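Student: Sequence:
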Amino acid sequence: MSRASIGPMAALLLAFGAAAVQAQAPLNLDGDWAARIRTVSGNEYDGSIRLQGQAGTYQFSLRSTGDPCIGLLTPVEWRPTAAGIEISFQPSKALRGCIDSTVAFQRLDDGRWKGVSSRGIELTLTRKQGG
585 MSRASIGPMA ALLLAFGAAA VQAQAPLNLD GDWAARIRTV SGNEYDGSIR LQGQAGTYQF
645 SLRSTGDPCI GLLTPVEWRP TAAGIEISFQ PSKALRGCID STVAFQRLDD GRWKGVSSRG
705 IELTLTRKQG G
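In my numbering, the protein residues as written are 585 to 715.
Honestly, the hints are just simulated from the structure, not real lab data. Computed from a prediction, not measured in an experiment: that's the story for all the values here. The beta-carbon is built from N, C-alpha and C at its ideal position, and this holds for glycine as well. Fair warning: there could be bad hints in the mix.
Derived DEER-like restraints, expressed as beta-carbon distance ranges [what the hints assert, rightly or not]: (1) Ala666 x Ser701: 14 to 24 angstroms; (2) Arg691 x Thr649: 33 to 43 angstroms; (3) Glu706 x Ser676: 15 to 25 angstroms.
Using 30 angstroms as the maximum straight-line C-alpha spacing, the simulated DSS-like pairs for lysine-lysine come out as follows [as the list claims (entries may be wrong)]: (4) Lys712 x Lys698; (5) Lys712 x Lys677; (6) Lys698 x Lys677.
Put together the whole structure using the sequences plus the hints.
Tutor: Take a look at the structure:
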């Protein structure tokens, strides 16, 4: 049956239905991502995230002798939200006493996401080439 034979309203509903299904397609964030971190004071640091499925690991490039949680290879989990994604950083799973946090990210374009932590730290994720 062609769209012309089912009427304009039915064709419109089919078009909206197809758009809704496409909008709900699962995100594929698998691979390696560069993280750029900007602190409230304006200092910038690098990190990296590797995702597979809805989990992965994060590592801050900076190490601290005063805080063993900084630079620790940290488990992460992510989930889609209506506005983008949320990534849950879970250093407490790697070292007892470290504090977990969740950051909401919005898509900037196909290969970049940006979020701000509850402490005002900006994080920009950029998909690595081949990642």
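Student: Evaluate each hint against the coordinates.
Tutor: Quick rundown of the hints versus the structure:
| no. | hint | result |
| --- | --- | --- |
| 1 | Ala666 x Ser701: 14 to 24 angstroms | holds (20 angstroms) |
| 2 | Arg691 x Thr649: 33 to 43 angstroms | holds (37 angstroms) |
| 3 | Glu706 x Ser676: 15 to 25 angstroms | holds (23 angstroms) |
| 4 | Lys712 x Lys698 | holds (15 angstroms) |
| 5 | Lys712 x Lys677 | holds (26 angstroms) |
| 6 | Lys698 x Lys677 | holds (24 angstroms) |
Of the numbered hints stated above, none is contradicted by the structure.
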